[in-house]
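Chemist: Chains A and B are the protein sequences, given in the same order.
Residue 104 in the working numbering sits at position 118 of the first sequence, and the numbers go up by one each step.
Residue 154 in the working numbering sits at position 168 of the second sequence, and the numbers go up by one each step.
Read the hints as simulated data drawn from the structure, not as lab findings.
There could be a bad hint or two in this list.
A pair counts as met if it fits within one copy or between any two copies, since identical chains are not told apart.
As the list claims (entries may be wrong) - Here are the simulated BS3-like cross-link-like pairs (lysine-lysine), alpha carbons at most 30 Å apart as the crow flies:
(1) K310 to K300
(2) K310 to K67
(3) K310 to K62
(4) K218 to K300
(5) K190 to K287
(6) K197 to K168
(7) K218 to K207
(8) K138 to K168
(9) K287 to K218
(10) K158 to K281
(11) K300 to K167
(12) K310 to K68
(13) K287 to K197
(14) K197 to K207
(15) K81 to K168
(16) K281 to K167
(17) K300 to K197
(18) K300 to K207
Each chain is listed here by its residues.
2 protein chains.
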Amino acid sequence: MVTKKAAAKSTQGKARNGSNVLIVGSVALDNVRTPFGEHNEVLGGSCAYASTSASYFCPTSIVAVVGGDFPKPHLKFFADKKIDTTGLQVVPGGKTFRWRGYYEYDMGQAHTLETRLNVFADFQPVIPENLRRSQFVLLGNINPELQLEVLKQIRGPKLALVDTMNYWIEGKQEELLKVLKKCDIVLLNDAEARQLCDTTNLQKAARRLLKLGLSRVIIKKGEHGCLMFSGKDYFTAPAFPLEFIKDPTGAGDTFAGGFIGYLAGAASLSDTTFRKAVMVGTAMASFTVEEFSLKRIGNLKPQEIVARVNQLRKQTDFGTITVK
Amino acid sequence: MVTKKAAAKSTQGKARNGSNVLIVGSVALDNVRTPFGEHNEVLGGSCAYASTSASYFCPTSIVAVVGGDFPKPHLKFFADKKIDTTGLQVVPGGKTFRWRGYYEYDMGQAHTLETRLNVFADFQPVIPENLRRSQFVLLGNINPELQLEVLKQIRGPKLALVDTMNYWIEGKQEELLKVLKKCDIVLLNDAEARQLCDTTNLQKAARRLLKLGLSRVIIKKGEHGCLMFSGKDYFTAPAFPLEFIKDPTGAGDTFAGGFIGYLAGAASLSDTTFRKAVMVGTAMASFTVEEFSLKRIGNLKPQEIVARVNQLRKQTDFGTITVK
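Chain A extracted, bound-state conformation (with noise of 0.2 Å):
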């Protein structure tokens, strides 16, 4: 496997306009219960969310595994969405996925009643020969040793983006430590950045994980935007205000999914090429919560993007100032 550092450098500047983005995590069917419905074996998984997010933006393809039970028409959601479906294994006679759960009123934590893992359990991602080259790749939210097992496969990634949750922080911080010291950039909410790091201060939570060897941190603080970090740079991005929501399942994968695609589809990646990144997922998240599953995220229109990032700058711009 080519190094993290010495890929860098190979293609340090020679970013090509419209670079393909590799996306392994879970698709799954799933039952949600929100304030404002049920909606049962609906189409969901970090997998599922992300990549319809980095589909607007870039060529997709997705690793990840279903059931023989996976219905047909959430496959032809995926090719309508000119999602490269080669590295999603089908289980013949197995069942996909399934997570029942529902939110309370403030929508702030989803309370599961049931997992049932399915053919997810025995998960081996593989990677199609002709995607192991791909330059930017996004570990969705899964079992670390999972996302390990990527990274053997993939050959000098140009950005390795992986997003994790405390339940990974709980039971395999071990495993995650050695993904992120592998990665470029870690997604993480605010309370697990104050977990993994054992601190209450997200500053020093970020430069702690930057010492890793990590080049971002962006620390998701969901109603009150997300702050990104690098060794030289540091970005405040507010959330998009939305005074109702369906149902907030997947916004963190639609973010990520919208992060990394942008970078893919941007012609070179500066520090402002990742403030958009952020600002594009802010905004592909805003869509997600408006609507149970996919059924917003899937059907936008690019200037209903441009518009809600425009949007947002708007909420932050503000002169300068002279003080006598």
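Could you slot chain B onto chain A? The hints should help.
Modeler: Below, chain B without anything else, positioned relative to chain A:
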């Protein structure tokens, strides 16, 4: 009393550069312990923090009360900052308001050990005749009954800003609502906004507050920055990143003072002016917490303030995007 609306009309577009600001609140002697030290009998109180902060931007007058025991050096401090203390009542033989409290390592919440109101218990604000036409008035975080008393004495301010806290929302909600209906802008934190408006959604909370007749609502979110709402403008302000907070006492009051001070000193009051004022308040508060009491906020150079506001701007800038 000239009504708020009539006053706003009569002065519309006529703000003079360098209006004065009148600040009513508490002046206290604080006994504070944080993980970074313990300081006793130091200058504190909403009026002390707010007026010091405002004094960098406009002529500042205070209305408050202290006892005969109030240390002379603190009076000299106000004089050095050119803060007009004509309205500072000194009760000979009385004792100054004292607060004793501490903060845990996370600095998120003040733990009160002792509150001795002393002369503040009988405080009846009296606005000196020459200050009753002040155009910019800050009703510091005190009993809403006293805030109402102040409002009775002032004549058609251009802008009345009211600061409050959970204590008054719980104990004096009716009086507080009366104050809000007579003011232009309210300043409160996110938990307080949710509590007062009975909703977890801050967007909804702000809409409800605006319906009381306020022209702007500012919701402070601590380390997450703050939000400013008006009928047509929405502004999301980042917090200044701080790794070391020595003492968070007075941060909110400092914000309020910097905010209204900047407005009073500005040539006109556009949406952009209000946005700049929020960033000035943010910058000023970030100085306050770097030291105990008014040690840092009392000794700032104008260029330090400008530099911090510039840094805040750099934190949020991003360009435009295109999506094909």
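Chemist: Could you tell me which of the numbered hints above are not met by this structure, giving the numbers in increasing order?
Modeler: 10, 13, 15, 16
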